[in-house]
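Chemist: Build out the structure end to end from the sequences listed, making use of the hints.
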Amino acid sequence: MPKLSAVYNNLLGKYQAVIAHKLFWPIFLTAGLLFSIAASTFDILDLYLQLILIYVGINIILTVSLNLINGYMGEFSIGHAGFMAIGAYIASILTVNIFPSSAITFLFPVAVLAGGLGAALVGLVVAVPSFKTRGDYLAIVTLAFGMIVKSGIENIDVIGGPRGFLGMEKLTNLPWVFFWTILSVWIIRNLVYSKFGRGVLSIREDEIASDLMGVNTRQVKVIAFVVSSFFAGIAGGLFAHTIQYINPRMFDIIKSTDILIMVYMGGIASIAGSILGAFIYTILLEILRPLGVWRMVLMPLMLVLLMIYRPRGIMGMREARLFIPLRDLLASKLWRQKKKEISDAPAGD
Amino acid sequence: MPLLEIKNLTHRFEGLCAVSDFNFTLASNELVGIIGPNGAGKTTVFNLITGVYRATEGSICFSGNELVGRTPHQITKLGIARTFQNIRLFKELTVLDNVRIARYGQAIYSPLEALLHMGRYNAEEKRITDHAMELLSIFKLDDTANERSKNLPYGLQRRLEIARALATDPQLLLLDEPAAGMNPNEIKQLMEFIGWIRKTFQVTIILIEHQMRLVMGICERLVVLDFGATIAEGLPMQIQNNMKVMEAYLGKEMVK
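Chains A and B supply the protein sequences, listed in that same order.
The numbering used here puts the first sequence at residues 1 to 349.
The numbering used here puts the second sequence at residues 1 to 256.
One thing to keep in mind: the hints can contain errors.
Pair by pair, the computed Cβ-Cβ distance ranges are [stated by the list, open to error]:
#1 A:F28 / B:I187: 53 to 63 Å
#2 A:L288 / B:G39: 38 to 48 Å
#3 B:D143 / A:L117: 38 to 48 Å
#4 B:Q189 / A:R327: 30 to 40 Å
#5 B:G39 / A:A144: 38 to 48 Å
When the alpha-carbon atoms are kept at most 25 Å apart in a straight line, the in silico DSS-like pairs for lysine-lysine are as follows [stated by the list, open to error]:
#6 B:K77 / A:K340
#7 A:K333 / B:K150
#8 A:K333 / B:K140
#9 B:K77 / B:K126
#10 A:K339 / B:K126
Take a look, some chain B residues computed to stay more than 12 Å from chain A by CB distance [as the list claims (entries may be wrong)]:
#11 L16
#12 N23
#13 E66
#14 V68
#15 K199
#16 E253
No wet-lab data here; the hints were simulated from the structure.
Don't be surprised by glycine CBs; every beta carbon is placed ideally from N, CA and C.
Modeler: In structure tokens:
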């Protein structure tokens, strides 16, 4: 009976997708939160492993946010570490010099948020050249921006200049990293599956056609740059309160390149890819630590091989079903059902 | 009042005059063809109307609004949509997303509501998704909604491009060589298709075309461009026998 099996397949597909969405996220979020709180309060996870997980989280935030510009929008930004630096310095100055040290644990999220907002404000400024320049030229603009941030900080003596800035308490812990990582992934995924996100993708595909189809390309670019730099700033604040010492050289072109590698390894225009890329890169760097300086030869070599055999990265232009909203996942299925109902309805009704 | 009124439109690219002193009026519900040899400035006229280029001189008035100086998406919002000579779909995106992108101006929610998936977001997304699926089903493309548009066969890509243009709710539809790469049989189908679109969606259409068979068959009026200037205008029958037009297409010697 072909008809019955078609109905069955239809139901099964819907069932899987619904189950995946309705059950996976609450279980994953609760388990993740409980685990991270338990790990940081009780002595069940080695401090070194905790630190690696913190780096994984920070790198996921950096990768997902850069993917918005380099992957989804198809631009090439090499200044992501600059936004990270702004977030790191703002958050650090707030917790060290401005907030009272007695309330610092409670005010830490405010400091991180302020770092993100500061970076977002600068992102707004960087969005402006993107109206006029594209491709290689915008890459040069973002490169210059990264240099400006680094040299700027080096010349402000009040915050340590080239000597760096210290005195932060170790406020970043697993639960906070878990919270900010989930928040950034959720918000960027939300943006991607909205009219603005589709606008970002259409700019990547054909900017003029996109404008002609009614997409306000300037508005879309501003939103993408602001959101992207906001989360880079958040990652900066978390990073500064993990290693408790920052200096301008930490946020130079090398750091930006690291993030680029994670984006292109995981795959462009993919949330799942960004998470995979950040995870694999961070963990591999740690596993290869015994190799000493040679790991910095091996890792890029792996990237070269990846680009040859999988040029779009692991998940390039593809998305895990978990991140796709049910409406999009089921759009054509629901439509077919609706059409069937209309055609099945008794005539003359 | 005419729907579209173009007065003394001139456009120069660094000294090369692509369109010179072009005048044109269009009434609601007309179907007009713009023809002319390669490089006559036909596509440039479309690019000027839709705001891709900014006219050097002249004015373009669309239902009371001056278009010169407006950005393409503002012009689209006023009710002008177009297709392209060489198909310009969003290749890596799905058929459904291609159409939903064109509903950008019709989905009313703020960036904040988009970031949180709250407020008007859900209702508006449902509305534009339903509308897009309905439009795709009218164009018999609903079965391919989840395909990447680059994977569609050529004919369906052309059809999707027209569906995408119509998704912006236009009053005026500009078709740039819709018959490019089609055989006589397909052209015949396309003629019926364009007539059907015009009736179903109540749009005024300007058509750029090389294929004489197509323009003679469906256009009510023709404008002939050569070297950026209008050399003839009138009913298809009149144009067919116009000496100047034959010269432009075939060269003076051939006509003699």
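Chemist: The structure should be examined with respect to each hint, and the outcome stated for every one.
Modeler: Against the structure, the hints:
1. Between F28 (chain A) and I187 (chain B) the beta carbons are some 56 Å apart, a value that agrees with the proposed interval 53 to 63 Å.
2. Checked against the hint of 38 to 48 Å, the pair L288 (chain A) and G39 (chain B) fails, with Cβ atoms roughly 59 Å apart.
3. The beta-carbon spacing between D143 (chain B) and L117 (chain A), approximately 46 Å, falls within the hinted interval of 38 to 48 Å.
4. Our hint of 30 to 40 Å for Q189 (chain B) and R327 (chain A) holds, since their Cβ atoms are close to 34 Å apart.
5. Range check, G39 (chain B) to A144 (chain A): about 40 Å between beta-carbon atoms, so the 38 to 48 Å window is met.
6. For the hint pairing K77 (chain B) with K340 (chain A), the CA-to-CA distance comes to about 34 Å; that exceeds 25 Å, so the pair is violated.
7. For the suggested pair K333 (chain A) and K150 (chain B), the alpha carbons sit about 21 Å apart, so the restraint of at most 25 Å is met.
8. A hinted pair counts as satisfied when its Cα atoms are at most 25 Å apart, and K333 (chain A) with K140 (chain B) qualifies at roughly 15 Å.
9. For the suggested pair K77 (chain B) and K126 (chain B), the alpha carbons sit about 21 Å apart, so the restraint of at most 25 Å is met.
10. Restraint check for K339 (chain A) and K126 (chain B): satisfied, since their Cα atoms lie roughly 16 Å apart, inside the 25 Å limit.
11. Non-interface call for L16 (chain B) relative to chain A: holds, since the shortest CB-CB distance, roughly 21 Å, exceeds 12 Å.
12. Consistency note on N23 (chain B): stated as away from chain A, and its beta-carbon is indeed over 12 Å from all of that chain's, at 24 Å minimum.
13. The non-interface label for E66 (chain B) is consistent with chain A: the shortest C-beta to C-beta separation is roughly 19 Å, beyond 12 Å.
14. With a minimum CB-CB distance of about 16 Å to chain A, V68 (chain B) clears the 12 Å threshold, and the non-interface call stands.
15. Consistency note on K199 (chain B): stated as away from chain A, and its beta-carbon is indeed over 12 Å from all of that chain's, at 22 Å minimum.
16. The Cβ of E253 (chain B) lies farther than 12 Å from every Cβ of chain A, with a closest approach of about 40 Å, so its non-interface assignment holds.
Hint violations for this structure: numbers 2, 6, all remaining hints satisfied.
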